[in-house]
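> Chains as they are written, first to last, in our numbering: chain W, 1438 to 1752; chain X, 10 to 326.
Hints should not be assumed to be uniformly reliable.
What the hints assert, rightly or not - Short derived list, chain X residues pointing at chain W, Cβ under 8 Å:
no. : residue
1   : P58
2   : I61
3   : L63
4   : A76
5   : G164
6   : A193
7   : V248
8   : A255
9   : Q276
Just so you know, these hints were derived from the structure itself, not from any lab. Note that the Cβ used here is the ideal one computed from N, Cα and C, for glycine as well.
Here is what each chain is made of, one letter per residue.
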Amino acid sequence: MNGIKALEKVSLTDDIPKRKIKWKPLSWVCLVIVFIPIVAYFVFNGFPVALSFISMFTEMDNNDLSTMQWNGFENFVNVFHDERFWKSWGVTLILATSQFVTLLIALVIAVLLEQKVKGAKVLQIIYFIPYICSGVAVAIMWAWVFSKDFGIVNAIFGTKIDWLNDTEKPFRLVLCVYITIVWQAPAYGIVMFKAALKNVNPSLYEAASLDGAGAFYRFWHVTLPSIKSVLLFLLLSSITQGLAVFDSVLVLAPLQWTGVAGPDDVGLTVNYYIYIKGVAHGEMEYAAVMSWFLFVVTFALTFPVIRARNKASEG
Amino acid sequence: MQTSIKSIFAGIDGREENFKPRKKKEKVTAGRVGTYAVLAFYTLWILAPFLIILVTSFTSNKEYSEATSYIWWPKDFSVEGYERLFLDDPYMVDGIPSLFRGFLNTMWITLLPLASGLLQSLLVAYCYWQEKFPFKNSLFMFTITLMFIPLGAFGFVGYMFYQNLGWTEGFAAFLPLIVPGLFASASTVFFLRPYLDGISGEIIEAAKIDGMNFWQIFFTIVLPLSKPALIAQFIFGFVGGYNNYAGALMYLGNESETMWTLQLTLQKLISYMSTSPDGDYSFKCATSLMAMIPLIIVYLCCQKFFIEGISFGGGKE
Chain W
1438 MNGIKALEKV
1448 SLTDDIPKRK
1458 IKWKPLSWVC
1468 LVIVFIPIVA
1478 YFVFNGFPVA
1488 LSFISMFTEM
1498 DNNDLSTMQW
1508 NGFENFVNVF
1518 HDERFWKSWG
1528 VTLILATSQF
1538 VTLLIALVIA
1548 VLLEQKVKGA
1558 KVLQIIYFIP
1568 YICSGVAVAI
1578 MWAWVFSKDF
1588 GIVNAIFGTK
1598 IDWLNDTEKP
1608 FRLVLCVYIT
1618 IVWQAPAYGI
1628 VMFKAALKNV
1638 NPSLYEAASL
1648 DGAGAFYRFW
1658 HVTLPSIKSV
1668 LLFLLLSSIT
1678 QGLAVFDSVL
1688 VLAPLQWTGV
1698 AGPDDVGLTV
1708 NYYIYIKGVA
1718 HGEMEYAAVM
1728 SWFLFVVTFA
1738 LTFPVIRARN
1748 KASEG
Chain X
10 MQTSIKSIFA
20 GIDGREENFK
30 PRKKKEKVTA
40 GRVGTYAVLA
50 FYTLWILAPF
60 LIILVTSFTS
70 NKEYSEATSY
80 IWWPKDFSVE
90 GYERLFLDDP
100 YMVDGIPSLF
110 RGFLNTMWIT
120 LLPLASGLLQ
130 SLLVAYCYWQ
140 EKFPFKNSLF
150 MFTITLMFIP
160 LGAFGFVGYM
170 FYQNLGWTEG
180 FAAFLPLIVP
190 GLFASASTVF
200 FLRPYLDGIS
210 GEIIEAAKID
220 GMNFWQIFFT
230 IVLPLSKPAL
240 IAQFIFGFVG
250 GYNNYAGALM
260 YLGNESETMW
270 TLQLTLQKLI
280 SYMSTSPDGD
290 YSFKCATSLM
300 AMIPLIIVYL
310 CCQKFFIEGI
320 SFGGGKE
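Bound conformation, chain X alone (with noise of 0.2 Å):
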């Protein structure tokens, strides 16, 4: 982060350089110093909450204790927040820190639908896209009827339907968020269909006149080469997954801690803090620096992909 703020800076101080290979009529005007401050505040704009948490989270309660308005920067840094976080914190069962549990149940509860959900939409989308069936352009024309309904509205009615199977109790309750998504979505489909329409035909023709049957060909070549796509939809639905916090409080907010998705386990954490009288603010910060931090380190390493994927994905509708 702090390499980005000097590079804005840099951007402010090489203007005259970076104007050198344009057209004459471009100078600098207070159009362009008016650009760069717009950007420079809305970049500070956006980076300021994480610096204000990030020096909390370093800053003793100690230090707290005796002070009277917001620490600007702690006198010496502590990682009592970090300690607390990691060595005992109150949800913490086995020794196992209550927020890497949640991350682990977040990462099989997201990971296996989206799997799963991938594969059969590439086998569904791959359906309609080369092979011949009875009812074909009705059934694809259905399916993308069925995706227009927004549904939004609904996102908490489903709660009667699984209550009634028995799926909200115990470990059962696991399965409203898992089960839905292990199956085709008709989104998914209607995203990967355009994607495998430019691919060559010629090529699964060629497969199939060397004896390649409809499961090689898909597995050996269909799979393969829609890569790009499923990338895009595999970071939509991640990135989904795993800030999930209404269905996870939802099916297991009632649970026990060991069930507890990361987002609920930093929603209780939270606010088992706030009824506690001493207010443990660096923990707080640390929390939810620490809940946040995984998914910008992987976004930051394939930020590409994330955000060809997501303006990719999200132009599905």
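Here chain W stands alone, though its shape is the one from the complex (with noise of 0.2 Å):
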């Protein structure tokens, strides 16, 4: 939004003047500042994306650049022929719906703290605190939680689940990650959506109450549509993160000596997958193709969103 704004007010303070530019040492001063964050995103970002890309029709010893040979094709065959790297994408799928639960109880949240509640001050502080908690130390919060033999769910359940790691249900362990997620990632939302509903014109409330609207009719018609743009703001921050889902999964369904990430393998997320890959076992361009599938993936799901918003900042 800012960034639109900000466009504006740059060709339209500088159309006039153009030409009356004297070139002072300083401009060239200046020049070189500006250059300063070009340059580095292009040696930290730029050049590492790139030799990635290289690097998928390649094979490598250990990540080692002096061994590359070129291969063709063969790193896509084989990553688009291993049951493992589908098998990550339908996890972070499933667990990438948890964001639009989480959208859903951000919206709630905020809206119902603008219902002038009291102590809705202290209520939005507490909400908040999750967002501050690191990913690891969330998930080993709700790993104790969910723990099989002193766990507090199985206590109060009065059962012996071991949720994290049950082989004949081995989706239970999903369904933890799950809700680690649902837990700390509203956070962000509440405060986003907060602040967007605190700048709702109040007289459109009023006008629509004189009209004899009704609660949703209001929420639809007058909240929603002025809320617009942060909802696609962080519609498209979810879309990111859900498909990059890392921390958690990592410390709920740690790699097991058999070289599986939790029972049958379903805390294998796509990034996980590529960090083990990459890293773990010096295959980058192995990893390199899951990357930039995983790129892909996101770009596509994210354009409709970025073009919405686009939309919603023009209109």
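Make one complex out of these two single chains by using the hints.
Structural data, given as structure tokens:
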């Protein structure tokens, strides 16, 4: 949002005096300064990513570039025939749906907090705490909650279910990861939604009330359009984050000595697999294919949202 | 935390008084009760995991060895988990608790690039704001375009680059975590630029007439005036750095324990505990609690900055 405004300002203020620029020495100092972020970007982001692109078509010995040899599309063939790869996508997509639950919870809580609730300030402070907690610590916390012998969940239900390591029903682990995400992720959305709700013009509500509109109608026709751009922004970051689950699965489904993540490998997300292949096993050419595939999927999913956002900020 | 729970119940009890100053239309409806019920439930849901590990961190292993399920309240409080954490943890070197060492590592790894990167980004934003130089508009557009490329999927591919640079072994393994952040970043520039637009250009003009040079203006006028925006960006970056796990695991995971960051130490301690036969539950819970507490305390002390900073700094994207 800010970006569009910034762009407009630049073009508005600088169109006219363009021809009058005097090329002082300071201009050159500035030119050097503004090249810092561009050069840094290309060195630390652009170059490694380009390198990974090239590596997709090669074979290396433990990520050593000096041993690089072209092997055409062999890595692609291997990755796309890799059952583990597709399975990790299945797990990732299931976990990514938690982001919609997250957005819904965040919206509901933010709307409720705006209802002139007593103690809303304190509540907001509490609700934001999960955001500042690390994924690792949160996962450890929930691992204890779901622990087999002494977990509080089993104590409440009087069961002895091994939630995190049930070989019969491995899917229980995914459920635990899901809950961990849904516990932590809404914190950010609540703050963002709440800031957006504050900016909704109250006279719109009054007008709608005078027209005899119900609460739901008001929410749908007044609130929702006003917070559309924040909603789309959150959707954008949710998709990116949802597909990149890593920290929590690494703690809740640590690699077993068999090389499997969690019971029946259900803890393996795409990013986890990329890490195992590229960093732990030193087969970055293989991991690069997976990374680029993840990039393409992320981009394809976010592209409609980006377009909707641009449309919303234009209109 | 206790007081906050009280205040929620106070909120429910004090419903009637709360309604007095409002319009007549609003009564104690089912909707109001529902609102409070949902919020009370959500508060409990958020706080519950913390309370659970807090209780367990004070429960002795002896008690657990005789128990058959979760202990809701320990018979006698024990601090053995904390004792072990501070006096006898498995990765202790030279008598320094590993978690504390990890904290110190995290601090310098986070703060050094953050300070340098922020200062440079402000300098870049200032150049775009006030100075005139060739290709200004095109360069600004280009910088912003770079920022919009979603590189999230490439979190791990950089490893190959740094490995071939020789930056993944020994002390050099710190470099991939620090060096990229030392420079101005496109996203921070993008965020700071509109903020500077809100500052009156007349101040700068006046300073120029007074004979102040570029650097004097930057350090004595622009820098102090941009403090709110810098704080917002600082908090955003600090929380990210404090909680960074993937990067630390990638580059420092195989290095000696003296190089581990806080989150890495936490994960290593927990996985060490899981492999040991006697489940040291109080130690586990005390460790994860202690790893979270510093940031939570800082947050509670200046929560206004945090919430504003995050909603502000996050909106930059």
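> Tell me if I61(X) is really an interface residue toward chain W, meaning its C-beta lies closer than 8 Å to one of theirs.
Result: holds, 6 Å to nearest chain W Cβ.
> Taking 8 Å as the limit, does the beta-carbon of V248(X) come near enough to a beta-carbon in chain W?
5 Å, holds
> Can G164(X) be said to touch chain W, with a Cβ gap under 8 Å?
Interface hint status for G164(X): holds (7 Å vs cutoff 8 Å).
> Just to be careful: measuring from the Cβ of A193(X) to every Cβ in chain W, is the smallest value less than 8 Å?
4 Å, holds
> Can we keep the Q276(X) interface hint, with Cβ of chain W closer than 8 Å?
5 Å, holds
> Taking the closest Cβ pair, is L63(X) under 8 Å from chain W?
Violated, because the Cβ-Cβ distance from L63(X) to chain W comes to roughly 10 Å (cut-off 8 Å).
> Answer holds if the nearest beta-carbon of chain W is closer than 8 Å to that of A255(X); otherwise answer violated.
5 Å, holds
> Against chain W, with CB atoms and a cut of 8 Å, does the hint on P58(X) hold up?
Where the cut-off is 8 Å and the nearest Cβ of chain W is about 5 Å from P58(X), the hint holds.
> For the hint on A76(X), does the least C-beta distance to chain W fall short of 8 Å?
Where the cut-off is 8 Å and the nearest Cβ of chain W is about 7 Å from A76(X), the hint holds.
Hint 3 from the earlier list is the only one contradicted by this structure; the remaining hints agree with it.
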